[in-house]
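Going down the list, the protein sequences come from chains A and B.
Numbering of the first sequence is given in my numbering, commencing with residue 1 and proceeding in unit increments.
Numbering of the second sequence is given in my numbering, commencing with residue 1001 and proceeding in unit increments.
Read the hints as simulated data drawn from the structure, not as lab findings.
All values reported here derive from a predicted model rather than from experimental measurement.
Don't take each hint at face value.
No farther apart than 20 Å at their CA atoms in a straight line, the calculated lysine to any residue pairs in the SDA-like style are these [said to hold, decoys possible]:
(1) Lys1085/B - Asn113/A
(2) Lys189/A - Met1122/B
(3) Lys189/A - Glu1102/B
(4) Lys1085/B - Ser125/A
(5) Lys127/A - Lys1085/B
(6) Lys1085/B - Gly126/A
(7) Lys1085/B - Ser356/A
(8) Lys1085/B - Glu122/A
(9) Lys1085/B - Lys179/A
(10) Lys1085/B - Asp111/A
(11) Lys189/A - Cys1120/B
(12) Lys1085/B - Arg268/A
(13) Lys1085/B - Lys189/A
(14) Lys179/A - Pro1097/B
(15) Lys189/A - Leu1124/B
(16) Lys127/A - Arg1130/B
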Amino acid sequence: MPKTIEEINAKIKAGKAVVVNAEEVIGIVREKGIARSAVDIDVVTTGTFAPMCSSGIYFNIGHSKPRIKLEAARTYLNDVPAYSGFAAIDIMLGATALPESDPRNKIHPGDFNYGGGHVIEELVSGKDVCLSAATYGTDCYPRKKLETWINIRDLNDAVLYNFRNAYQNYNVAVNVSDKTIYTYLGILKPRMGNAVYCCAGQLSPLLNDPWYKTIGIGTRVFLGGGSGYIAWPGTQFNPSVPRTEAGIPKRGAATLSLIGDLKNMQPRWLRGVSMQGYGVSLSVGVGIPIPVLNEEILAHTAVTDDDIPATIIDYSRDYPQNLPDVLGEVTYAQLRSGRIRFNNRDIPTASLSSYSRALEIANILKEWMNQGAFLLSQPVTPLPGIESGLAFKPLNYRPVERNNSS
Amino acid sequence: MKVSRKIVLHFPARLVEEAIAYRLVKEYNLQFNILKASIIPDSEGFIVLELTGEQEDYDRGVRFLTKIGVNIEALSQNVVRNEDKCTHCGACLTVCPTGAFEIEPGTRRVLFMHDRCIACSMCLKACPPRAMELHF
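Looking at chain A on its own, in the form it has when it is part of the complex (with noise of 0.2 Å):
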């Protein structure tokens, strides 16, 4: 018998909703089959946690006596960066800024201790921050400079907007040279002395709906410990990859656009980065509700780590030049058994998403559910499927051939 949203928010309401994490789900699933689990569940909770670099907030700081416009500033926060190309005083910082005196790479690998994805951090604690500012000025916003100290409880709209969130599914590095790499992946021993992998797996969002039959946009989700909603289709969505014949993608296909409220948010799950020898970011607490429609969906968050492959990439030289080449197929199975056998090597692995704080999430989730603190959406419209013919394409680069004598 097929569910409702509404039938399963009512369950929800009157504390009487069956709510398991996409972990519990495997173990429902092969006692008592899907038929029978997909009428005594109502929801499936999944979680992810992980360095997610395209995030950034944006506030607004309120008018000061004088008035300024920062529309064409030079605005900083803690000495990171800041965009202000909008009306008056609103202000958007991202992830991965990095102060103008930070020295990058120049003695290489860099250590990028401090950017744009701790800032948003040390906002989030409720920490002060410093706000620097200089413009023109006009006739009705005459102030010319501002430094002053900020605070979360201040600002009038802080929000959590992210472009591309919660891959669905991602590239395992290894780095095939003779030296060794520092990539946004982690550091990579040569010769293969290493693989890095970034992806929750079997309790990853994405992966345990993968033709978005739930996940749509307008889904309520979990969100750097508060709640947000799908914005829309993250960029870089790309859901026409190679797939498993269960359909599960077997390189990085859906992304999500998310947005929340940062002021119901919470340090733990928004977390600044630093990757040595690459810059800075923020590893964002994910976490989406399946509601179990019918057994189809069900049978998708029965999803194991066995059933999900990963491609292994070279970053030493494929990634950086944009090769097509892949070197390889693992599954997150034997990724978290801590080795994987590839052309008749162990290789060691590590993980830059942390399974136990995606596990955390989708608990977190599932006991708001619980308490009937969390009801489910209706998406407004569904992501972009296979049928949309949606793909992510290269730049196309054309050289701008520059008159000399001008």
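Given the coordinates of chain A, assemble chain B onto it according to the supplied hints.
Below, chain B without anything else, positioned relative to chain A:
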């Protein structure tokens, strides 16, 4: 009273082929655990040791080492994990040369086995949330 200390022994080339560890055990009743070593015949070498035994034996053993020309330094650096910062991702696992990090089965939390740590500091900058700290 029993003591256990982590120390770094620097050997001159002439001592590299001496059975020093054997004598520490046999003549001074000390237990040792080699945490890190670099010993190449005919050149200088070092061993990072955890030396355990009665205080009296420990002191005698250290006097013996000093007398024969081994330079001893306390392993004063100590790597500790800031539990508030660690997110249990596991980026440290393949960076640590002594395997001091392990994934706990079940919870999949990252365990830090301090007794295996040789304070080499490799994990400090490999940790994205910078949870590993060097204390002196």
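Checked hints:
Restraint check: the Cα-Cα separation between Lys1085/B and Asn113/A comes to about 14 Å, which is no more than 20 Å; the hinted pair holds. With a C-alpha separation of about 13 Å, the suggested pairing of Lys189/A with Met1122/B holds against the 20 Å cut-off. Only pairs whose Cα atoms come within 20 Å are accepted, and Lys189/A paired with Glu1102/B is accepted, the gap being roughly 19 Å. Simply put, Lys1085/B and Ser125/A have alpha-carbon atoms about 13 Å apart, close enough for the 20 Å limit, and the pair holds.
At most 20 Å may separate the alpha-carbon atoms for a hinted pair to count; Lys127/A and Lys1085/B meet this at roughly 16 Å. The straight-line distance between the Cα atoms of Lys1085/B and Gly126/A is roughly 17 Å, inside the 20 Å bound, and the hint therefore holds. The suggested pairing of Lys1085/B with Ser356/A holds, with an alpha-carbon distance near 14 Å, which does not exceed 20 Å. For the proposed pair Lys1085/B and Glu122/A, the alpha carbon gap of about 13 Å is at most 20 Å, so the pair holds.
Only pairs whose Cα atoms come within 20 Å are accepted, and Lys1085/B paired with Lys179/A is rejected, the gap being roughly 30 Å. Distance check on the hinted pair: Lys1085/B and Asp111/A sit about 17 Å apart at the alpha-carbon level, within 20 Å; holds. Proposed proximity of Lys189/A and Cys1120/B is supported: the alpha carbons are some 17 Å apart, at most 20 Å. The suggested pairing of Lys1085/B with Arg268/A holds, with an alpha-carbon distance near 9 Å, which does not exceed 20 Å.
Only pairs whose Cα atoms come within 20 Å are accepted, and Lys1085/B paired with Lys189/A is rejected, the gap being roughly 25 Å. The suggested pairing of Lys179/A with Pro1097/B holds, with an alpha-carbon distance near 17 Å, which does not exceed 20 Å. Of the pairs offered as hints, the one joining Lys189/A and Leu1124/B holds, with about 16 Å between alpha carbons and a cut-off of 20 Å not exceeded. Restraint check for Lys127/A and Arg1130/B: the C-alpha separation of about 19 Å stays at or below 20 Å, so the hint holds.
When each numbered hint is compared with the structure, violations occur for hints 9, 13.
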